[in-house]
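Colleague: Read off the chains here:
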Amino acid sequence: MSIDNTKMQLGTMGRGLMGAGLVLGVGGLGATIALASMSGAAAFWKAYLFAVSCAFAICLGGLFFVMLQYITRAGWSVTVRRTAEGLAANLKWMWVLLVPLVVLVWSGNGAVLYEWADAKLVAGDVLLQKKAAYLNPTFWCIRTIAYAVVWFLLAKFYVGHSIAQDTDGDIGRTRAMQTLAPIGILLYAITQTFASIDWIMSLQPTWFSTMFGVYFFAVSCTGCFATMIVLLMVLKNAGRLGDAVSKEHFHDMGKLLFAFGVVFWAYIGFSQYMLIWYANIPVETGWFFPRQMSGWANVSWLLIIGHFALPFVVLVSRWPKRFRGIIGAIALWMVLMFVVDVYWLVMPVVPTEALVNAESYDAIKAAVNAGEVSVGWDPKLLDLTAILGTLGLVLAGWAFALRKCNLVPVRDPRLPEALAFENI
Amino acid sequence: MSSAPLQDPVVTKETAGQPWGIAAIFDSPAKIMHAAEATRAAGYRWFDCHVPFPVHGLDWAMGVKHTILPVIVFFGGLTGLLLAIVLQVFTNSIEVDLWAIVPVVGYQFEVSGKPLISAPAFVPVAFELTVLLSALTTVGGMLLLNKLPCLYHPVLKSRHLKRITDDRFVLVIESSDPAFTRADTRAFLSSLEPESIVELEA
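Residue numbers (our numbering), protein chains in the order written: chain Z, 1 to 424; chain R, 1001 to 1202.
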């Protein structure tokens, strides 16, 4: 089987996607800033952190997918790899989205987002003082910049070599990428873990979970694989992929989504919950309190059913993964669930005062239901505009990265293997 | 080989009585693919192909139906899940009088103040038993459906078919096939232009 690479380019569609993404991105983030004057600075930074975390999760997943193919020397995935490379390519510019956060924390105003950045609060809390060696504004900024640099370099290396191979067909590039893949995966694992701890887990600085990094890895895989299936479906339906991506590839992408986004996600999420539930130590259970109360309880149930039970039943069999309508619909649904999941991670507020002074769990619950204590259940228009903004920018960046190259790595040495791929 | 003139294949008879089956030997994957399609089209059902390496699409050409194994595994897993739940609930919290005389009481372990029936604590056992029974059903079901272990097979006995493991592709129609008659089947296999034909001894 051979492929006709003249048809497999974004062409005019690229300009359309870039335009739509940019309008959505600039419009969304602009609206967020405009709404900030109404909702307040704290709400704005929370919404921004949530939206930026989503964008990074998707694009980091793309980087992970690319390196995973090289570390395993996978043949089947060559035709879908370019789509992931487009997502990973976003990491080359997404450091821009981190600049406001770094400036905020560096300038000493981080307390609006992070309790550990509040000097007065730290002075009165022994736990926070013990953690100050790690959780302080200067070190936080240095770490965040370090992550951005590592991701920039890895994305540049993998996307650059892969696209350059389209022109020169140099197998040495594949070898170089294979050689770096183990180191790259290791760097990715460390930076992704610590980034999730620094950005999201430290929102409640007294809480800790050694599984949080792995949980965010599962979140990231969900976001990336679901987004990839949606993008591949759009390209396939527009006829930009010819026969290079067949139902065999959708079948395998479906398996990945099932494995990482449904089963692994639930496994890690439940393991984290069960260990904390069993030990029942206040400093640990505090994180789950707000997530079991008010509107967050419904969101938690939505995640259990919508992020695990429903896609599990749909994706466990063979035929739905090979049926384009079903795999496309479930991928779109999983993108939504991924966003809800990140929202559920970032947004809830732990009423520390109320927890410390409460007589019982039921007493806090009653106070929350009566509206006397806030657990942060207050969805705002701001959150929606922020997430639409960053997702728009991710789409625009993806289309920009792939605007001139082939949508399939046409001179990859393993391309014939991918074209002849069949699930047994 | 392709330039050799067409001729009737050599027919070897290993048995005087009714053969176990008749094998046709081919020298390329393409030929056995066509042969499999033709055999299916001719109405044969009890036939098999023996090849030295996996030939893509051969299952499809032979008309092999998709395996029922996943359905069996589903029920295996479901059994594990229900077993785990029932076992844990029973041993932990049962409290009945059997025939109104024999008191049956669970262990009723109280761990860190949790209720006797607490779902999160039961999940790991339920998960593991589901996985265990699914895996055992998969392996056991695979062996049963393939009729394994198979200690004797006529195809492996025949010395004429030794090259199956090297460079020959063999299609065997078994005599248990309702459409099988010795002369007709032999004539049909000849029409597929194999290298040679072997009547297999049971």
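Take these hints with a grain of salt, some might be off.
Lysine-lysine pairs mimicking DSSO-like chemistry, simulated, CA-CA at most 27 Å apart [to be verified]:
#1 K1157(R) / K1031(R)
#2 K1065(R) / K1031(R)
#3 K1065(R) / K365(Z)
#4 K255(Z) / K1065(R)
#5 K1031(R) / K1162(R)
#6 K1114(R) / K247(Z)
#7 K404(Z) / K92(Z)
#8 K1162(R) / K1147(R)
#9 K247(Z) / K404(Z)
Keep in mind the hints are simulated off the structure, nothing from the lab.
Just so we're clear, the structure is a prediction, and the values are computed from it rather than from any experiment.
Colleague: If a hint holds in the structure, say so; if it does not, say that too.
Modeller: Structure-based check of each hint:
1. K1157(R) / K1031(R): 24 Å, holds
2. K1065(R) / K1031(R): 22 Å, holds
3. K1065(R) / K365(Z): This hinted pair is violated, its Cα atoms lying about 57 Å apart.
4. K255(Z) / K1065(R): Holds, at about 22 Å.
5. K1031(R) / K1162(R): Within the cut-off at roughly 19 Å; holds.
6. K1114(R) / K247(Z): Cα-Cα ~48 Å, so violated.
7. K404(Z) / K92(Z): Judged against 27 Å, a Cα distance of about 17 Å means the pair holds.
8. K1162(R) / K1147(R): Status holds; Cα separation ~22 Å.
9. K247(Z) / K404(Z): Distance of about 26 Å is within 27 Å: holds.
Checked against the numbered hints listed earlier, the structure breaks hints 3 and 6; every other hint is satisfied.
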